[in-house]
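**Q** Given the coordinates of chain F, assemble chain Y onto it according to the supplied hints.
The listed protein sequences derive, respectively, from chains F and Y.
full-length UniProt numbering puts the first residue of the first sequence at 1, with every later residue one more than the last.
full-length UniProt numbering puts the first residue of the second sequence at 1, with every later residue one more than the last.
These aren't lab readings, by the way, just hints derived from the structure by calculation.
Keep in mind the model is a prediction, meaning the values are calculated, not measured.
Not one of these hints is a red herring.
Using C-beta positions, here's what the derived DEER-type ranges look like:
{"id": "1", "chain 1": "F", "residue 1": "PHE75", "chain 2": "Y", "residue 2": "ALA216", "range": "30 to 38 angstroms"}
{"id": "2", "chain 1": "F", "residue 1": "SER104", "chain 2": "Y", "residue 2": "ALA177", "range": "38 to 46 angstroms"}
{"id": "3", "chain 1": "Y", "residue 1": "ASP230", "chain 2": "F", "residue 2": "PRO26", "range": "46 to 54 angstroms"}
{"id": "4", "chain 1": "Y", "residue 1": "GLY357", "chain 2": "F", "residue 2": "ALA77", "range": "39 to 47 angstroms"}
{"id": "5", "chain 1": "Y", "residue 1": "SER233", "chain 2": "F", "residue 2": "ALA192", "range": "52 to 60 angstroms"}
{"id": "6", "chain 1": "F", "residue 1": "GLU21", "chain 2": "Y", "residue 2": "ASP146", "range": "32 to 40 angstroms"}
{"id": "7", "chain 1": "F", "residue 1": "ARG133", "chain 2": "Y", "residue 2": "HIS119", "range": "18 to 26 angstroms"}
{"id": "8", "chain 1": "F", "residue 1": "ASP152", "chain 2": "Y", "residue 2": "ALA219", "range": "39 to 47 angstroms"}
{"id": "9", "chain 1": "F", "residue 1": "SER199", "chain 2": "Y", "residue 2": "LEU301", "range": "52 to 60 angstroms"}
Over 12 angstroms on every C-beta distance to chain F, these chain Y residues come out as not near it, computed from the model:
{"id": "10", "residue": "ALA177"}
{"id": "11", "residue": "PRO182"}
{"id": "12", "residue": "ALA324"}
{"id": "13", "residue": "GLU418"}
Result set (SDA-like, lysine to any residue): computed pairs, CA atoms no more than 20 angstroms apart in a straight line:
{"id": "14", "chain 1": "F", "residue 1": "LYS193", "chain 2": "F", "residue 2": "ARG262"}
{"id": "15", "chain 1": "Y", "residue 1": "LYS147", "chain 2": "F", "residue 2": "GLY157"}
{"id": "16", "chain 1": "Y", "residue 1": "LYS147", "chain 2": "F", "residue 2": "LEU134"}
{"id": "17", "chain 1": "Y", "residue 1": "LYS147", "chain 2": "F", "residue 2": "GLU153"}
{"id": "18", "chain 1": "Y", "residue 1": "LYS147", "chain 2": "F", "residue 2": "ARG154"}
{"id": "19", "chain 1": "Y", "residue 1": "LYS147", "chain 2": "F", "residue 2": "SER176"}
{"id": "20", "chain 1": "Y", "residue 1": "LYS319", "chain 2": "F", "residue 2": "PRO19"}
{"id": "21", "chain 1": "Y", "residue 1": "LYS147", "chain 2": "F", "residue 2": "ARG133"}
{"id": "22", "chain 1": "Y", "residue 1": "LYS123", "chain 2": "Y", "residue 2": "GLY161"}
{"id": "23", "chain 1": "Y", "residue 1": "LYS147", "chain 2": "F", "residue 2": "ILE156"}
{"id": "24", "chain 1": "Y", "residue 1": "LYS147", "chain 2": "F", "residue 2": "VAL94"}
{"id": "25", "chain 1": "Y", "residue 1": "LYS147", "chain 2": "F", "residue 2": "THR132"}
{"id": "26", "chain 1": "Y", "residue 1": "LYS147", "chain 2": "F", "residue 2": "LEU155"}
{"id": "27", "chain 1": "F", "residue 1": "LYS193", "chain 2": "Y", "residue 2": "ASN335"}
{"id": "28", "chain 1": "Y", "residue 1": "LYS401", "chain 2": "Y", "residue 2": "GLY356"}
{"id": "29", "chain 1": "Y", "residue 1": "LYS285", "chain 2": "Y", "residue 2": "SER233"}
{"id": "30", "chain 1": "F", "residue 1": "LYS193", "chain 2": "Y", "residue 2": "TYR336"}
{"id": "31", "chain 1": "F", "residue 1": "LYS128", "chain 2": "F", "residue 2": "ALA108"}
{"id": "32", "chain 1": "Y", "residue 1": "LYS147", "chain 2": "F", "residue 2": "GLY150"}
{"id": "33", "chain 1": "Y", "residue 1": "LYS147", "chain 2": "F", "residue 2": "ASP152"}
{"id": "34", "chain 1": "F", "residue 1": "LYS131", "chain 2": "F", "residue 2": "GLU153"}
{"id": "35", "chain 1": "Y", "residue 1": "LYS319", "chain 2": "F", "residue 2": "GLU17"}
{"id": "36", "chain 1": "Y", "residue 1": "LYS147", "chain 2": "F", "residue 2": "LEU93"}
{"id": "37", "chain 1": "Y", "residue 1": "LYS319", "chain 2": "F", "residue 2": "LEU18"}
{"id": "38", "chain 1": "F", "residue 1": "LYS128", "chain 2": "F", "residue 2": "ARG102"}
{"id": "39", "chain 1": "Y", "residue 1": "LYS147", "chain 2": "F", "residue 2": "THR151"}
Note that beta-carbon positions come from the ideal geometry of N, C-alpha and C, so glycine has one too.
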Amino acid sequence: MTPQSPETPHQPSFGHELPPEEPAAPSKGTIRVLQLYPRDMNIYGDWGNALVLAQRLRWHGYTPELLEYNVGDPFPADVDLIVGGGGQDSGQLVIQDDLLSRESTLKALADDGTPMLVICGLYQLFGKFFKTRLGSVIPGIGVLDVETHGTDERLIGNVTVSSPEFGSILGYENHSGQTTLGPGVEPLGTTAKGTGNNSADGQEGARYRNIVASYLHGSLLPKNPALADFLIRTAVERKYGSFTPGNPDDSYAVLAREHAARRPR
Amino acid sequence: MLYFSVPLGKLVRRVSRLRGGGSALPGLVVEKIDPGFMQRTLSALPLGVAVVSGTNGKTTTTKMVVELLESQGLKVFTNRTGSNFTRGVAAALLGEVDWRGRLDADVAILELDEAHAVHFVNKVPPRYSLLLNVLRDQLDRFGEIDKTAELLQHIASKTTGTVVLNREDPRVARIAATLDGPDVLYFGLDDSLLSTFPNDDDMRAAPGSPVPDAPARPAADVVLRRVGVDDASFEFDGATVTTPMLLRGVYNIFNAAAALTLARAVSAARGTGTDQPGLVAALSKVAPAFGRGESLVVDGLPLELVLVKNPSGFRLGLKSFPAAGYATMIAINDNYADGRDMSWLWDVEFDTLRDGGVDQLTGSRAYDMALRLQYDDVAIGAVDTEIAPALAAFIRGGQGKPKRIFCTYTAMLAIRRELSKITTVEVVS
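Chain F extracted, bound-state conformation (with noise of 0.2 angstroms):
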């Protein structure tokens, strides 16, 4: 581990950078968002979610502070959106102990609604437990009332959700661990095509206070902006009261929904 306060903000690292900022209008404010485990649990591009998250962040006219959590790593404070991805069983296998150490941290992150996006293994892992096909037991955080049970089948394919909250969503699944929902979460929403949370009931991804849980990578925000719009007009009003949107010009996340839409499962 290495000696760092917890105020040190950690520099986006492991080959990915920002673009260069440009000289543009006085910010609005700075929004922290933190990545967990992008070293062990970024997998599909789940960076992406990140990049569109901060570069959004400028276009509605804020400042974003990219932070990142990995094992080991002391937690940072003052965080105002947090965003997790996939990994494969082996980064599983390394987060999971220093996860549950962060239960409680994250648990009383998430009650108290900071807004969370949590892609694919960290969703699991969010939820109560993954069973897995030989019938160990990895245990979750609970900070989402789901269980997840390992599977012989992946689900594997293009996804469109209609969601009541966000319109339809566009991504792609790649999983072999069913997740069912139970009564203290919402699904994100129902499968127009495609899986989703399990082979089942139609159902993908969870929702619960400003968490979005979800199977899908794609990456998932940069064809689904109102969901990134989401997460960060939460972050501003919980942090500075009120948010005041930028104008994103969104004219190629509209045609690369068209396209990615018609394109087989």
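**A** Same frame as chain F, but now just chain Y:
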């Protein structure tokens, strides 16, 4: 039945070629009526079979090994058409055997897709295998890269003679510890080049963070010491040799070290000595395979096709081919052979294209690419999901400039078809 299988298979091959059909059908036919055909034919080769597998660079590496061994006077059978699965091998064999099913070759060098290689080695245990790398590629087919590493481990475990491993890819190097039968040889990189070739863990790791259980690096048979603009230095047998290279792209040059290692092992097995200067001369003349960094000429100016199919390949492509002075096009398809998941574009950084922008985007997921570039602040000229008009517009608009097209596999096929109408494109096979 057995006596008729080869003539029948060859006949089906001719007919299916006349129809312009795929290369696998005749293989399927002969496999059905004579399941022992491939095993019987290949096991008769005096120097046996070598399998080349891994995520990136199979085709070019296989081409290099073949040309290196041919420089040593060996007759080599290979599956040159890119039919890198079992039926493709059977189909390629049918094209080469005489009507009685005999193959006039000393050794077979076969490029095999990781998943199909497992089936192949169960049928035909190879004498040699060369395992290049494990990277994120076509994840919707294999699920996870750890799974891909297991596939490669299986190939190694079925190898009877020598396994050649990439020392710098932890998932590949780790395979050595699981083997007790075959000999192991490594190809490796000079320390100064390690950062140029991120393996899948390095791509994720913070600078300076330790790579999980990195084993002590064993000695390598061939080490790539230096990559120049048009030459490279390799160390083997205790001496460093510098040679001009036609191949472009640092990843191709590293795979040249892989090819050298395998070719040296196969050649040594003859017991008649290896013509080292001949080997190096052959290496310097290897031209890139089908679409892997090849250069064509359009309107008297070079047009380069760079195949990109996974994040590390795209990163290395951007790094290997500086954008300055070039008109740039990117063509992203999401057909099955390309992989349907677009997530990988978000693991590539496009900042090197920021200065000149990208002139043209195309392919079924051109707008996903546009969105990706928007988030990296890269300017975009035009977007058209249809490849033919996009290519025409790109060539028209880029007059007076050399051109470069980064393209996924099926986009590359479409682009080559279009280009063949206006320029001479290298004919493969």
